[in-house]
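Student: Listed below are the residues making up each chain.
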Amino acid sequence: MVDHLDTHILVEVRAGKPRAFGQLIDRYKDKAMTLSFRLLGDRREAEEAVQDAFVNAFRRLDQFRENSGFGTWYYRILYNVCMTRLRKRQTAIRYATLTQEDSEICADTDNPLEDLIERGDLQSIVSEELANLPEQYRAALTLFYVQDLKYEQIVEVMEIPLGTVKTFLFRGKTMLRKRLQRRLWSEVHVA
Amino acid sequence: MNENPMHIHEELLEEYLDGTINDQGRTEIEHHLDVCQSCRKEVRALRRVGESVKLLPLDGLGPAFTESVLDRLDGSSFAKGVNLVTILSGLIALVCVSGMVLAAFVMTGVITLGEIAQGNSQVHQQWVNGWNVIAAFLTNVGRWVGFRMPSPSTTTVMMTAFAGLVLFALADRFLGRRILRSQGAE
Chain G
1 MVDHLDTHIL
11 VEVRAGKPRA
21 FGQLIDRYKD
31 KAMTLSFRLL
41 GDRREAEEAV
51 QDAFVNAFRR
61 LDQFRENSGF
71 GTWYYRILYN
81 VCMTRLRKRQ
91 TAIRYATLTQ
101 EDSEICADTD
111 NPLEDLIERG
121 DLQSIVSEEL
131 ANLPEQYRAA
141 LTLFYVQDLK
151 YEQIVEVMEI
161 PLGTVKTFLF
171 RGKTMLRKRL
181 QRRLWSEVHV
191 A
Chain C
1 MNENPMHIHE
11 ELLEEYLDGT
21 INDQGRTEIE
31 HHLDVCQSCR
41 KEVRALRRVG
51 ESVKLLPLDG
61 LGPAFTESVL
71 DRLDGSSFAK
81 GVNLVTILSG
91 LIALVCVSGM
101 VLAAFVMTGV
111 ITLGEIAQGN
121 SQVHQQWVNG
131 WNVIAAFLTN
141 VGRWVGFRMP
151 SPSTTTVMMT
161 AFAGLVLFAL
171 ADRFLGRRIL
181 RSQGAE
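Taken in sequence, the protein lines are chains G and C. For the first sequence, the residue numbers in our numbering are 1 to 191. For the second sequence, the residue numbers in our numbering are 1 to 186.
Hints in this document: simulated from the structure, not taken from any laboratory. Mixed in with the good hints, there may be bad ones.
Derived DEER-like restraints, expressed as beta-carbon distance ranges [what the hints assert, rightly or not]: (1) C:Ala104 - G:His4: 30 to 36 Å; (2) C:Glu67 - G:Gly163: 40 to 46 Å; (3) C:Trp131 - G:Glu12: 56 to 62 Å; (4) G:Leu162 - C:Arg47: 18 to 24 Å; (5) C:Asn140 - G:Gly163: 40 to 46 Å; (6) G:Thr84 - C:Thr160: 40 to 46 Å.
The C-beta atom is built at its ideal place from N, Cα and C for all residues, glycine as well.
With the sequences and hints as input, model every part of the structure.
Tutor: This is how it looks when you write it as structure tokens:
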């Protein structure tokens, strides 16, 4: 998905106007920060990651192939920067626990989310519960809903097979839904 | 619900909502939703989860952020291969570096301006001799290891070319582009 404005800006940058790159930064920084913050959970570190990713992208512009779209290409760099930071923190990638947690949550389907979701401060609850999902699920959900990427573009960003993207999205949504269901249900009943 | 054959699996409903299901699948699901209240409710709940994530506010960054990134970029450049700017900046840098070295030699009295003009100073001879010794040494080591080495004079030429390229690249990287950038050419 090629964005013509991005292409135009890149032509200027390559023609010897590096400060034109600022327009690309302005276009992507907020969504990039959202992805970064959701992955890293720390505002200062998230901002550093976004900045590092922009600098890396600029230095590697010669490797960028127009067919993938600057946004997708940049998000891949950012995703890798964030994952490297997460690995440095030695945050365990919770593949091992996913299956168990999924089955536990999937068993709980009786609470009527549709009714509960109308109540309470949904935004802050969604934000908290999203932050508690495993990072691959958070990343896939954010790329899909915030960055508006298609499945195939998420494949490029996360460098995983299409089937795995679908699985991450499905499990992420299911897990988030069940957690919201429980959280809202308990809030309504405690109140 | 997932165990009930009369209802649609949640994963299929997700694909339906994401718009990634084929036409036939979408038609079948829509027919089913017309008659199944439970699945309609399920679709609404799934849709609300997606919307709730989509509607979360973005974690914005102010205009100062863009400036701070651009400041970092001022000290770097993206790789563009060998082009006119690279060649020009490298040549400028080489001239500057050579000039500075010669100026240092002249100022410390190692070499005089007259000797530079004649091109056969003692220092020059010493450098050439030293260079030839290194070339001869590399040629002999290469032959001893079993490589087919060129003659020592060819090795000297190759070493000189290689050293020139390294110096060119270093000068371009650390000096030439800064000069061009300060002049607004890059």
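Student: Broken hints, numbered, in rising order?
Tutor: Of the numbered hints, 1, 3, 5 do not hold.
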